[in-house]
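Enquirer: Note that the protein sequences, when read in sequence, are chains U and W. Last residue of the first sequence? That's 310 in this note's numbering, and every number before it is there in order. Last residue of the second sequence? That's 366 in this note's numbering, and every number before it is there in order.
Certain hints may be false.
[Said to hold, decoys possible] The list that follows gives simulated cross-link-like pairs (lysine-lysine, DSBU-like), each with its CA atoms no further than 30 Å apart:
#, chain 1, residue 1, chain 2, residue 2
1, W, Lys73, W, Lys132
2, W, Lys73, U, Lys198
3, W, Lys132, W, Lys107
4, W, Lys111, W, Lys153
5, W, Lys8, W, Lys107
6, W, Lys111, W, Lys73
7, W, Lys103, U, Lys198
8, W, Lys281, U, Lys198
9, W, Lys107, W, Lys167
10, W, Lys103, W, Lys167
11, U, Lys28, W, Lys103
12, W, Lys107, W, Lys178
13, W, Lys178, U, Lys198
14, W, Lys281, W, Lys182
15, W, Lys111, W, Lys8
Hints in this document: simulated from the structure, not taken from any laboratory. Quick caveat, the model's predicted, so the values are computed rather than measured.
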Amino acid sequence: MVDAAQSMTQPIRARTTRSGLRKFFERKSTIAFFMALPLMLLITIMVIYPAFYSLHLATLNKSMQRFVGFGNFTFLFKRETFWMVVQQSCFFAITAVIFKALIGFVVAHLVHNLPDKGQRKWRGMLLVPWVIPPAMSTLAWLWLFDPSYSAFNWILAQVGIGPIPWTGDASWARFSVILVNIWAGAPFFLIMYLAALKSVPEQLYEAAAIDGANWWQRIWYVTLPMMRNIIAITTLFSLIVTFANFDIVRILTAGGPLDKTHLFATWAFRIGIEGNDIPLGASISLFMVPILAIAAIFILRDINKRGNEA
Amino acid sequence: MAEVTLRKVVKRYDEVEAVRGIDLDIPDHEFVVLVGPSGCGKSTTLRMIAGLEDISDGEIMIGGDVVNDVPPKDRDIAMVFQNYALYPHMTVAENMSFGLRLKHYPKAEIKQRVTEAARMLDITDLIDRKPKQLSGGQRQRVAMGRAIVRNPKVFLFDEPLSNLDAKLRVQMRIEIKKVHQKVRTTTVYVTHDQVEAMTLADRVVVMNHGRIEQIGPPNELYHRPATKFVAGFIGSPAMNFIPCQLEESGGLLQVRVSEAAAFPIPAERVARYRGIPRDTKLLLGLRPEHLVDAQSNQSAAFQPFDATPDVIEPMGMETFVYFPLAGVQLCGRINPGIEAQAGAPLRLAVDLNHMHLLNEATGAVL
């Protein structure tokens, strides 16, 4: 009798486990997990594994035979070039991001105030520098910067200036790489700011106009606060990308003259790949992490707190 | 505080004329409501008064000064928007004081004005909150507070209650009326809701197709509409219009609505209608409250007739019946005590002392 009862409950239990499993697969969080799985795998393979591998590499000697602990790092600290690269990277990234942000902001306002008809055309055209692969566009810049035959120096010569050693002199070379980076990166700010501007309700400006705000006060008290989160996130993103820039410097100056335009990425490449010291190259590139982490903390500090106030 | 005057004000958008030369005089302290269907030009008119839209032609004066080319900030007006337009990154107090801070008022005065307005609107406890922490009704109060603290010459309201639910709308309506009774600032209020217009206004301006159809106190518009549009727009349920003809039978002037139904025109109205040519196509305008049940309205003023309602709407304090007559659907209002059933014949009565006769072609009330 008891047995019979047990054998009767068993299929029921099996059914409940099966429906439990089905419920598990039907849960939104489970579906979300599986949907995100390909990306997570990709990130693991392309980002997490190389990151840990470079951590491992950084602890080896030049021939990658022996564990040296922090040896590579202490070696770097003693080298002047390293500190120069730190300074140059920071200067490059901060200057370029500030100008990209400013230009993006101003141009976004200009485009935003264009009549709707012409706006699409301008938006498309202004995005071109950002859309062209930087390796290609930098080649064009390289020709423009050529000391003898370039368009720039020819124009300057017409007005009696020049010739300017665009990539030959340390200061001019730094100026040139920053200029090209701004040219290529400003459209990103433009498009982000334009989207942010479009999301500010028109009535807020009208309310501010009635409240007595002039043009500048409307930007200061309405536009900027409404765009704060976008500005912060765009700045951080651009700071990371600019700080880790490789292609522009590599093509335009290859770090020269006399390492005066090297950034972390280009110097790591020079030491690691060209100089055949992969562990030291890995150590150099790892230095970007703490610097960018600190920047991220500062920039993102208020975003959670502010949230979406609208 | 000031009077507002509009002289032949026109607004054109390319080819389209949104406002077609309107004249309006709003004396000091008055509460004027611009009402009309969507696209009638009421909001555009308000925005022109505010300075948010340019004026294509004509003149707008505030306090006697022409303000056509004066920017909004120098017009000394305050506006309450439909979606409140509160600055999301500012607290309630900051939102309310923004205009005063821009004008560099002394801190003590700003604080005093904000506190005073907050007390008046019962939002003292919310003063440190951000707009997203407030309900729709509370946001509306803050938007009003922002207008009040400025102590402007004119208040402008652009459909301020449209985003609120029905119950809150009634509550805020009373609130707005109370505020106006206290501060007595000249107010121009735009709405598409004729109930709001009727309940709030000292005078209602009914607009249609960019023109003013009629201006007058709510009761005048209700009882003596000048056009078919006003007659149909003001009042809920709307006025019934029945195609009809005048005819004389045995020396009696009567209005014939169908082969079977004709009602004698009351003696005091005969003189008014006698001159109308008999072949004019007319409409008989009757409000639902003048189409009643015959049982509780048996005096001589009421003309009984039979109808078969197809829809009954009990509202509690009254019951609306919808029935066909002379090819049109009519609405009547009967005593809720009467047992009316859809599809069952009902004896109704019409009170022609409150009738309107309209020219079908021109829409004019005769």
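Enquirer: Of all the hints numbered above, which does this structure not satisfy? Sort the numbers upward.
Expert: Failing hints, ascending: 5, 8, 9, 10, 11, 13, 14 and 15.
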